[in-house]
Amino acid sequence: MAAAQPILECEKLNISYFTRAGEIPAVVDFDLKVMPGEAVGIVGESGCGKSTVALAIMQYMGKNGRIVRGSIRYKGRDMTRMSEEELRQLRGSDIAMVYQEPMASLNPSMQVGRQLMEVPLVHEQVSEAEARERSLEMLTNVRLPDPRRIFDAYPHQISGGQQQRVVIAMALLSNPSLLILDEPTTALDVTVEAGIVDLINQISEKFGTSMIYISHNLGLIMETCDRITVMYSGEAVEVGEVAEVFDHMRHPYTRGLFSSIPLPGADKNARPLIAIPGQLPLPHQRPRGCYFGPRCGYFQPGRCDQGLIPMTGVAGSPGHDVRCVRYAEIDWEAAKPKRQNTVPPPPGPVVLEVQNLKKYYEISDGSVMALIRGGGVRTVKANEQLDFVAREAETVAIVGESGCGKSTFAKVVMGLETATEGRVVLNGKDLAQTPVQRRRPQTVGLLQMVFQNPFDTLNPSHSIGAQIGRVVKKFGVESDPRKIRQRVFELLDTVKLPRDFYYRKPRQLSGGQKQRVGIARAFAGNPKVVVADEPVSALDVSVQAAVTQLLTEIQNTNKTTLLFISHDLSLVRYLADRVVVMYLGYIVEQGTTDEVFAPPYHPYTEALLSAVPIADTRVKKKHIVLQGDIPSAVNPPPGCPFQTRCPRKLGAICETELPPVRTFGEHRILCHIEPAELLKMEPVIQILPERGAA
Amino acid sequence: MATVESTAASATPAAPSRLGALLHAIGLLRESRIAMLGTFLVLFWVAMALLAPVLPLLDPNTPLEPFKGPGDLARDGETVFWLGTDHKGRDVLARLIWGSQRVLVWATLATAVAYVVGMLMGVAAGYLGGWWDEAISFVANVLLSFPVMVLYIVIISALGASGANIVLAVTFASAPGIMRIVRGLVLDLKTRDYIFAAQTRGEGAWWIMLVELLPNARGPLIVDACLRLGYTVITIAMLGFLGLGLPPPDPDWGAMIAEAVPTGAFALHAMVVPAMAVSSLVLGFNLLADGLREISLRD
Amino acid sequence: MLILAARRFGAMIAIMAVISFILFVIFESDKLGVAGKVLGPYSSLEQRELWLEQNGYNEPFLTRYLAWVGRALTGDFGQSIRFKAPVADLLWPRLGNTGILALCVFALMIPLSLTLGVLAGMREGSWLDRTISFGSILTTSIPEFASATFLVAIFVFKLGWLPGTSSMTGGFNPVELVLPVLVLVLYDFGYVARMTRASMAEVMTSQYIRTAVLKGLPHRQVILRHALRNALIAPFTVIVLQLNWLLSGVIVVEVFFAYKGFGKLLYDAATFGDIFLLQACTMVAVFVAVFSQFISDVGYTLLNPRIRFN
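Chains as they are written, first to last, in this note's numbering: chain A, 1 to 694; chain B, 695 to 993; chain C, 994 to 1303.
Hints in this document: simulated from the structure, not taken from any laboratory. Treat the hints loosely; a few may be bogus.
Below, computed lysine-lysine pairings styled on DSS-like, alpha-carbon distance capped at 30 angstroms [said to hold, decoys possible]:
(1) 884/B to 528/A
(2) 474/A to 884/B
(3) 884/B to 473/A
(4) 1151/C to 782/B
(5) 884/B to 381/A
(6) 884/B to 505/A
(7) 884/B to 358/A
The following block holds chain A by itself, in its conformation from the complex (with noise of 0.2 angstroms):
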């Protein structure tokens, strides 16, 4: 079985985009193998050409792509030479497809069964009868709660996870060879996200389809496959098995990724993330040579910039393959980051303290007719009891999926809403029931605000230097307008960016120099606190680590208090001293970011560390899936928030009394399990000591 054929060969494809700017080459000379049962990983970041390989497999590119040279064979047959027809019977019978939306890409109008049963019609002429049944069974296969509600529901009445677990029944109906997953989890929530990575590594040991994975987390690629390839600007630079690559990486580009993500052992003290600097050239200005090389450390003149770089084998490790000229000469262990020691101001005295907060909506339909018929108020408990303090120049996490309230609070924080109940204590004063625009301007620019999405996080009307000098003038900071065209200008210095950005409009921007701005603009004030709400979870890997970087050199010379709101753990015990875990509203655990990444756990907690994707082959995890989806704030469970899911609930209790707050000094753990059985919990991450040397 040794020569068995591959299922899939893409051989020096090449695929372009013709618009009217000319052709771009989006994939260059690409090479892909995908043997029986295997699991191949695409990986890089966004731009490299991933999914773009992925639709060009099943030659759907639109009317401007077109495979340019090479070929793509499916069990030997050229793809790109087949006509319509032929091309319609493989697709969705021998090769199926789960997309990154699944909300978009199931028919809103059309029940979910009836889209279900298109596939066994269309391609095995079954009847109806079988076609249904077929589809109910593998909804059940794919373990979804009441598979017959399902087949009748349409896509919108059912929950993200749900859809994407549909989509997937979709594609396996028809019992695929090749299965290809295009970011089938970027936008579902961490602990969803870990339900369908198990579903997906039952399907290759189920049904023995093969899969090529696309994504651009280096976790999940780990968790699912066995060989991996590594894309940049249209190339793939790096090829082979996942463990492989991963402990012994050969390109600098590859290397660069890894030093950027924030790995158990990172600390941003002791041994900060290293940022890929420069930025990802766009196809039409790729440089000769290595297309990398711009950005890369071991970039020599004269070698690395000479014509086409081939992939080459690395030698002594069959099957690793990669794109660089001085992979041999680099010295990797000395490429290891090394360790720093950048001292951290000592957290100051007590900045901002939340006592017992509350946050209800109503929501009702404002019209008059609800008006004058009086009814259809609901409540939404947005937040509950919430309490902690933040002391000066510390990083307080605060972690939750979506829904668990951590974008309300920060709204509550900084007066867009006011609090139902409770306080909000900035330097000695209650906040929380002046809304912003009666709060003083002194006051409001102590309190400001870093925003998640790049993209409008800045108004497009405006030049970036009108938009920071308004706020350097509205916070009284200067007012005479020269002196704040200066202040801008040293804010610019400050975030890094070159001072003739204050002429540009965003839309000239990259996301990462928007960000900057973003956080420019947030310091113009020189506040005690700044709000991040997820400052970095829209950009790619290497640019997280340089705005990550930035934000804490910034909070370190300011000795300014950050309350970093994030769904991303591995970030936040890199960046946090103290932690707080959100779920339905509710705290439910609370204290140092070590006590929280380590027993006793609140079982959320313990559920959310099993979760998340880390991409480390000496990291063991136990191994912990929740069950069905994060409940509506609309209509929360009674007693604990978290009883609809936690698998230690213990009983009656949960469902009936909201659980007592356990204490263990600082560290708060909101549950029903006794203190001394949360003591005995196992930790969910241990970290095996390095094969070999260290």
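Guided by the hints, dock chains B and C onto chain A, whose structure is given.
The following block gives chains B and C in isolation, referenced to the frame of chain A:
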């Protein structure tokens, strides 16, 4: 952390010129043939309207010789009626060009007034929400419940036919539609982070509505304004046709058609020419709008 | 769903009430003016005051309004000043004539615009798409009175094939309907076609169409089962709302061709100052517009499962 983006120049850079941006916009327009045709038609009529006083035209209101065909010579053997004369013997070309001035001036004025009213209503309804939205939307719904022509007829027959009343009627008819578009755009825009950023630095409602929100709604609004200009041209000509427009004797495209129809058998040109003029001007605005939309979707 | 329909219905009633009040204020707050319109410009002040007294105009304004609404609800809109006949007797036959016109227009316009829109939207940017798009911009740029002029110039004056007026003096004659219907279809179809095209083009680039194609469905099935259903939701509402626009166009067309329909009646009432007739016509026109809005809202909800099941 040596990043390419971090090379901070300590010198003070100079501001770039606005001319480049303008040239860029014109360049984009030239890429769409449809937009070019639209621009040409609109500019042609604008030029006619502007040049009306200096062009060597006959007096538009003096009856000369009735039922002359296009290109016919007058009795004096010198004067040419390039587009003929109507049943009263007035020169069609002169009436056409003076008519373009009239329709363009009133259409632009009426649309502009409708826009100011509609935008203020829309941005207030969308941003302030609550009772503001309820009240403004209700007013808009009431006005939109009239078939537009019925609304015009009711307003004009209650207030009488005059330029000011036409502006008022167009405002009543168009502002609700503009309000709905702006409201929709604002409802979307106000969830953007830069609006939260403005709120968290304590900006007032007026600043946010006028400085932060409206400039970002301009793309779809420019397209809509072009379409609406075209529609207002139709409206003014239609009112003229129905005898509810600007009072005679000054030339009015709609009235020209209405007057020429009964004698169409003798002077077909007198009714066809103004009909073509209205259609070409409206077509110009519509094509321009379509081209602009295409360009705005492109990048 | 029912709640939503009831709410829309309530809104419709509210709007009708407000509009009837506004109309009443516009036309009947000047009592002497009303009497002058009825009795003619040469009537004396005494005559007018006597008429006001006899017809209950000296009651408080609100009482008069409510009485008027009460009568209107039972179908009594008063006497037409010009035709010296009950308004209701004039209104219904005229509405019937306009109904015939509208029916013909819709019967032609709907299939034409939907077909062209779907064809253009299916292959965005193709030669067919550009032709259809340009064609529909062109026809919507020609207002009804202009296209009527062109058509009359060609078919009446040049070719002599069709009659230039549609007054139906010699009894109902379908030939006289051709030009009015053609004019209205020409002006209205382009807008619906463009809406359909935009909606179809958007659906064709959606991710669920990609899913359907990559499921291996034949092209026919992708279009018929997946694309059309979603693409036709928006045009449906537009078509129903088109009734509102049609009512505007009908006025011009009926005046142009002297067709004895509702639009001509309304126009005559307005130019003659026949306020009772104008009030009644306006109320009917508004009712048709508001009711079509109601149908469109309810229909949209029925067609769109995302709203239907929430």
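We went through each hint and held it up to the structure:
Only pairs whose Cα atoms come within 30 angstroms are accepted, and residue 884/B paired with residue 528/A is accepted, the gap being roughly 27 angstroms. Only pairs whose Cα atoms come within 30 angstroms are accepted, and residue 474/A paired with residue 884/B is accepted, the gap being roughly 20 angstroms. Of the supplied pair hints, the one linking residue 884/B and residue 473/A holds, its CA atoms being roughly 23 angstroms apart against a limit of 30 angstroms. At most 30 angstroms may separate the alpha-carbon atoms for a hinted pair to count; residue 1151/C and residue 782/B meet this at roughly 22 angstroms.
Restraint check for residue 884/B and residue 381/A: satisfied, since their Cα atoms lie roughly 24 angstroms apart, inside the 30 angstroms limit. Distance restraint check for residue 884/B and residue 505/A: the Cα-Cα separation of roughly 20 angstroms lies within the 30 angstroms cut-off, and the hinted pair is therefore satisfied. About 25 angstroms separates the Cα atoms of residue 884/B and residue 358/A, which keeps this hinted pair within 30 angstroms; it holds.
Of the numbered hints listed earlier, not one is contradicted by the structure.
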